[in-house]
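Chemist: Here's the letter readout for the chains.
2 protein chains.
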Amino acid sequence: MAQKAMRDIEITRATTTKLNDFSIEQFTFGKHYTDHMLEADYIDGEWTNVSIKPYQPISISPACSAIHYGQSIFEGIKAYRDKQSGKIRIFRPYDNYKRFNISAHRMQMPEVPEDLFIEGMRQLIALDEAWVPSVHDYSLYIRPFMFATDGYIGVKPSTTYKFLIILSPTGPYYSHPMRIFVEEKYVRAVEGGVGFAKNAGNYGAAMFPTAEAKKRGYDQVLWTDAKEHKYVQECGTMNVFFVFGNTAVTPGLESGTILEGVTRMSTIQLMKDMGVKVEERDLSIGEIKERHKAGELTEAFGTGTAATVLMIRELADNDDTLLFPEDKWKVGPAVKAKLDAIREGSAADTYNWMVEV
Amino acid sequence: MAQKAMRDIEITRATTTKLNDFSIEQFTFGKHYTDHMLEADYIDGEWTNVSIKPYQPISISPACSAIHYGQSIFEGIKAYRDKQSGKIRIFRPYDNYKRFNISAHRMQMPEVPEDLFIEGMRQLIALDEAWVPSVHDYSLYIRPFMFATDGYIGVKPSTTYKFLIILSPTGPYYSHPMRIFVEEKYVRAVEGGVGFAKNAGNYGAAMFPTAEAKKRGYDQVLWTDAKEHKYVQECGTMNVFFVFGNTAVTPGLESGTILEGVTRMSTIQLMKDMGVKVEERDLSIGEIKERHKAGELTEAFGTGTAATVLMIRELADNDDTLLFPEDKWKVGPAVKAKLDAIREGSAADTYNWMVEV
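From first to last, the protein sequence lines stand for chains C and R.
With numbering that gives the first Met the number 0 as the guide, the letters of the first sequence map in order to residues 0 to 356.
With numbering that gives the first Met the number 0 as the guide, the letters of the second sequence map in order to residues 0 to 356.
Keep in mind that a hint or two might mislead.
Pairs count within a copy or across copies, as identical chains cannot be separated in the list.
Heads up, simulated PhoX-like pairs for lysine-lysine below, C-alpha to C-alpha not over 25 Å straight-line [what the hints assert, rightly or not]:
id	residue 1	residue 2
1	Lys229	Lys288
2	Lys184	Lys229
3	Lys329	Lys155
4	Lys329	Lys97
5	Lys30	Lys226
6	Lys271	Lys155
7	Lys184	Lys226
8	Lys214	Lys327
Since the hints were made in silico from the structure, they are not lab data.
Computed from a prediction, not measured in an experiment: that's the story for all the values here.
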């Protein structure tokens with residue numbers, strides 16, 4: 000895509016690089032950050048002080064509105080190094096950009112303009128391009144985020160905000176197929192709430208139920224609907240798909256309780272291209288159990304930016320344990336292979352998902 | 000109460016006071032902070048670096064876990080100057096302390112020990128005692144809070160946290176009786192969620208619906224239950240009471256969707272003492288409308304630390320507007336007067352609610 004005119008970014012380069020201290024294998028998710036970050040301030044109704052500078056701590060007021068009242072949203076995006084050309088390409092940043100402003104709207108926060116989000120990201124990655132891994136399953140994780148900065152503890156929307164982008168080179172998010180606990184007590188989101196937004200509070204609220212499931216030996220929870228605990232929602236921080244023969248079923252977006260994942264929409268497109276029928280609809284635990292017993296449900300997987308496609312090997316609901324033996328997995332691994340190929344440049348980018356830095 | 004042995008607090012005094020720049024009338028809620036703050040760090044499973052120092056900015060990692068994933072909780076407490084003795088007394092800090100750790104548990108955060116919370120607060124207030132107003136309806140608002148500080152964006156509970164207390168002298172929170180909009184689309188909390196916890200995310204999620212109500216000319220929303228939008232929950236950031244003759248009704252706590260307000264429990268006690276019958280139960284909008292029409296529902300009010308007791312003068316549900324004329328208000332104003340008298344020292348503190356600094 001054509002590069003739009005970008006607002007002035009003041010660039011201050013780091014005098015040294017931390018890159019020499021790492022090897023690719025150390026790039027576990029979210030532990031290390033590149034040499035630079037992008038920062039901008041929202042003051043008096045406009046975005047200003049746009050700068051790229053050495054990665055460094057931020058100073059906040061002890062009364063910082065985001066810390067007290069949770070106006071804080073983020074996105075997760077990945078950049079890959081094209082195996083053929085060596086060029087760096089970002090996976091569907093415009094879709095994350097759209098979702099970022101949907102989150103902003105729900106959390107009563109200002110919009111971030113496209114040039115700040117997309118072009119700021121490009122310039123930042125260009126500066127830290129040496130940090131983009133070229134090893135299979137490794138990539139550069141991009142974390143744009145915005146939070147409220149007023150030093151005022153009256154309960155009202157902040158008038159000032161910070162937008163930042165930080166970068167973290169990363170390897171595989173989970174290393175093994177998941178054991179999943181069906182959550183029927185705690186709730187992630189409800190219709191009329193903020194489940195469709197990528198706001199900080201959704202994640203903190205999920206930590207206790209997730210920790211409880213982990214104590215029991217599971218990797219993640221499968222959330223069910225708030226009203227009846229009957230229909231599946233999301234799987235930990237991922238969207239979820241269940242494959243019945245040649246049909247894949249995933250919960251629809253109408254209720255506003257699940258996140259509209261960019262990997263979810265990509266997975267739906269790729270499955271359709273493979274001739275798999277996709278149904279976005281309510282899917283009950285009852286149907287899952289019944290059709291698993293009948294041998295119709297053969298695989299299940301989660302999708303997300305951090306995890307890409309991650310297979311489920313076990314699903315526990317009360318005293319029932321559903322196993323998903325690896326020899327039946329077909330659609331999930333095929334989607335992952337295709338997505339990887341597009342991202343790494345070994346398959347054609349038919350839908351123009353990859354945006355060059 | 001007897002002062003417990005307190006862990007070592009390193010005290011660094013401010014070299015000047017900001018107090019001379021203000022007059023009592025400028026003490027609007029949450030705008031100005033006293034000269035000092037308390038800060039402590041949770042590292043390697045224990046609270047350390049406990050210090051009282053000049054009020055100053057905090058440095059956080061751009062990957063600060065609270066900003067990204069919302070592990071952030073707070074409390075609101077008030078201290079008053081006794082009109083007779085001039086002594087400073089805190090209103091029910093032990094009840095807020097208990098709730099703080101209930102919030103911490105739900106958000107998968109560490110407990111804060113009593114000596115750090117209560118005695119830290121006492122020492123901080125003692126140091127800034129000149130900031131406690133002695134004017135009616137003015138007090139010192141105390142804001143203890145804790146947030147996650149790991150500089151790591153993997154979705155998992157943080158291993159490090161900061162606990163702080165900041166102080167803000169304050170006047171009346173709202174200056175007029177409220178016009179309330181009954182919210183039947185957006186939701187604050189659902190059973191199995193985090194509605195009973197005082198975590199940052201609950202407040203940010205409420206800002207859009209509240210802003211929509213304000214656009215229509217209302218002061219706050221009255222939340223209804225997530226499942227049927229039929230039963231009342233909370234009123235903005237306050238618990239809510241409806242008075243039918245000599246009976247006051249307020250939603251119960253069983254569902255875990257509303258905050259267990261300290262002012263709520265005080266109000267219940269004081270009403271019982273006044274001979275008002277108190278029912279904690281489901282209360283539907285239908286019942287409210289019907290009994291208002293029949294002339295049985297005579298007053299309604301919100302309770303909270305910031306607002307104390309705040310009367311409702313109008314309640315709008317779709318096309319129906321229920322008016323609550325001031326000449327019928329009896330219980331709400333009586334509770335407020337009694338609470339004020341206890342806090343300011345002109346009525347006996349029968350229940351030992353006031354804790355001396």
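Chemist: Evaluate each hint against the coordinates.
Modeler: Hint check results:
1. Proximity of Lys229 to Lys288 under the C-alpha cut-off of 25 Å is restricted to the intra-copy arrangement: shortest distance 12 Å within a copy versus 33 Å between copies.
2. Proximity of Lys184 and Lys229 under a CA criterion of 25 Å is satisfied in both settings, with 11 Å inside one chain copy and 22 Å between copies.
3. When the C-alpha separation of Lys329 and Lys155 is checked against a cutoff of 25 Å, the pair qualifies neither within a copy, at 50 Å, nor between copies, at 30 Å.
4. For the identical chains of this complex, Lys329 and Lys97 are neighbours neither inside a copy (32 Å) nor across copies (52 Å), given an alpha-carbon limit of 25 Å.
5. Taking the shortest alpha-carbon separations for Lys30 and Lys226, neither the intra-copy value of 37 Å nor the inter-copy value of 40 Å comes in at or below 25 Å.
6. In the homo-oligomer, the alpha carbons of Lys271 and Lys155 never lie at most 25 Å apart, since the shortest distance is 45 Å inside one protomer and 34 Å across protomers.
7. Taking the shortest Cα distances, Lys184 and Lys226 sit within 25 Å of each other both inside one copy (11 Å) and across copies (15 Å).
8. Taking CA atoms no more than 25 Å apart as the test, Lys214 paired with Lys327 passes in neither setting, with 29 Å inside one copy and 55 Å between copies.
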